[in-house]
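> Chains as they are written, first to last, in the working numbering: chain A, 26 to 382; chain B, 817 to 1008.
None of these hints come from the bench; they were simulated from the model. C-beta atoms are modelled at their ideal positions from N, C-alpha and C, and glycine is treated no differently. Hints are supplied without guarantee of correctness; some may be wrong.
Partial list, computed: chain B residues near chain A (C-beta under 10 angstroms) [to be verified]:
no. : residue
1   : Arg-830
2   : Glu-842
3   : Asn-983
Below, a list of computed lysine to any residue pairs in the SDA-like style, where the Cα atoms sit at most 20 angstroms apart [unchecked claim]:
no. : chain 1 : residue 1 : chain 2 : residue 2
4   : A       : Lys-103   : B       : Leu-873
5   : A       : Lys-254   : A       : Ser-183
6   : B       : Lys-863   : A       : His-95
7   : A       : Lys-94    : A       : Ala-76
8   : A       : Lys-100   : B       : Ala-836
9   : B       : Lys-892   : B       : Gln-871
10  : A       : Lys-100   : A       : Asp-356
11  : B       : Lys-892   : B       : Arg-875
12  : B       : Lys-863   : A       : Thr-104
13  : B       : Lys-990   : A       : His-95
14  : B       : Lys-951   : B       : Asp-858
15  : B       : Lys-863   : A       : Val-93
16  : A       : Lys-103   : B       : Trp-874
17  : B       : Lys-994   : A       : Asp-35
18  : A       : Lys-254   : A       : His-268
19  : A       : Lys-347   : A       : Val-301
20  : A       : Lys-100   : B       : Glu-859
21  : B       : Lys-990   : A       : Ser-32
22  : A       : Lys-103   : A       : Gly-312
23  : A       : Lys-94    : B       : Glu-860
24  : A       : Lys-100   : A       : Glu-311
Here are the simulated distance ranges between beta carbons [to be verified]:
no. : chain 1 : residue 1 : chain 2 : residue 2 : range
25  : A       : Gly-333   : B       : Asp-858   : 33 to 39 angstroms
26  : B       : Ser-975   : A       : Arg-378   : 52 to 58 angstroms
27  : A       : Thr-349   : B       : Ser-975   : 32 to 38 angstroms
28  : B       : Arg-896   : A       : Ala-220   : 49 to 55 angstroms
29  : A       : Thr-223   : B       : Glu-820   : 47 to 53 angstroms
30  : A       : Leu-218   : B       : Gly-878   : 37 to 43 angstroms
31  : A       : Arg-293   : B       : Glu-820   : 45 to 51 angstroms
32  : B       : Thr-978   : A       : Pro-194   : 33 to 39 angstroms
33  : A       : Arg-59    : B       : Ser-980   : 31 to 37 angstroms
34  : B       : Arg-948   : A       : Pro-190   : 38 to 44 angstroms
35  : A       : Val-252   : B       : Ser-980   : 56 to 62 angstroms
36  : A       : Glu-52    : B       : Asp-858   : 52 to 58 angstroms
37  : B       : Arg-948   : A       : Glu-199   : 50 to 56 angstroms
38  : B       : Asp-858   : A       : Val-301   : 48 to 54 angstroms
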Amino acid sequence: MSHAAYSTEDFLADESFQSFVFASDPEAVRFWQRWALQHPAKQGEFDEAVAVLQLLASRQPQPMPEAVKHEELAKLWKTMRPPVAPARARPALRTARAPKRARRWAMALAASAVLLLAGLGLWRRPAPAAAWARYATRPGEHRQVVLPDGSRVVLNASSALRLAPAWQPGQAREVWLAGEAYFNVRHTAPAGLQAVATAPPDVKFVVHAGALDVAVLGTRFNVFSRVGKTRVVLSTGQIQLSHRRAGSLEQVLLRPGELVEYNEAAPRAPLVKRTVKPAFYSAWTEGQLNFDDTSVAEIVALLEDNYGLRITLGNPALARQKLTGSVPSYDLDVLLNAVGKSLDVKVRRQGNRVWFD
Amino acid sequence: MTEENSAQLWESFRLGNAQALATLFEAYYYALFNYGRKLTGDEELVKDCIQNLFQKLWRRRGGVRPTPVVKAYLFKALRRHLGDETKLLRQHRHLLPAHTDSFEVTYSHEEFLIAQQRDAEQSTRLLAALNRLSKRQREALYLKFFDGFTYERIAEVMSLNTQSVRNLVFNALKAIRKVMLVSLALVITLCT
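Can you build the whole structure from these sequences, using the hints too?
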């Protein structure tokens, strides 16, 4: 049937017309907008159909606690990866003071170490003229995002990733990060092209984080960018790291296993590379927090950033103590207890306030 | 999540990647939960059925079919699980007549945000119209407007053919339009 012969009901039941009203398909939107202008005689039926569909679409999302989903997901993980027998579990954490003392709680920890990664967002209708696509996580939440080119990003807690809603061929792939994320970027350049420094801009993938630009072709790396500090750690491949400054551009090339940290407090300091174990910096993607002679002050900052906590140390000298080891990160109470036990202090928690006494 | 993304995750899951299945679980959990709740009204039963469905998928991953439309596949599977479970419950408890095995979708006020001034009256009218539809019409409308499925996917979920779904939705919208005619005419004259 020709659209010009449509009754109100015909418009209502037409899937392309529905996509136009719900703005879920830009092409349908363009088509029906133009069609309406060309067929003024049909305006009555057209407008009525729009009004009926808008009524049906004016739906309120049903609130549901995030906790239900997480509980159910944890249950699913337990059946997919049954806990390993904890018979000879090594302590998950040890302090600098007493590195070898075995602790019973560690067994419980090892047993409950379950990988927890947040998934892609709920399905939703894409808005046709959205300025940015934005993915964000809440405190304590992880989320996996698949980008338009098939690259994968795991967002750590309290982080946000922003990008253009569509990536045009022939343009660099660009994202903006606040917080922490692990990137697994698809190589879209011809196979022979491996050197990022000499590659044309249209095959590069660029992460803008703080004052740094991280340009790659196809690699895996971790970027951390919070309150004045930006840290990049490369797992595989190559990174071309640029520091934007008024009047100058500083660039370094990273090889696998190298780390660069930039601190806004020292903006003139040159970018210095050091060699690290990259797995240590990406362990959070597997539901682990790793400490390697890490000071309690740093651990407190990390917990505050990732879980939205406010932590008070009863004894300020505690801040200088150091911890080594790994704990599961998905269960905050288990995590806090593990830290408390290895420091030999009592942990109290009320909502997002935590005290180490 | 796009159909293409979820189809990739599905393939990866079939090859034994637990993370891929967990990601699908995360992506579709609320949509499945809300659909199940619409069908049965029993939240605990819905939670259990979704959990069983995914655990079963994982156990039988070797024999699971490939599918290009994961969301519709999951909806259909949940629908079948819920049907089996409610049938069992009824047999055990003799609470309800055995032949009422089709689902009852009902709509409530909280689901609609109507921005117009006479919203209370309009939404009451709309709800009355929706709840007077046949069960199948209500379910098809839910899948169409709340979950954004195409006629083809709805047909798959409800095990009908596409033309029947089109007719269900067409007749449902026709009935709603008739009921809403008065108040809508008013809205349109006010707007133009």
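> Kindly indicate which numbered hints from before are broken by the structure, ordering the numbers from low to high.
Hints 1, 7, 13, 27, 29 and 36 are the ones this structure does not satisfy, whereas the remaining hints hold.
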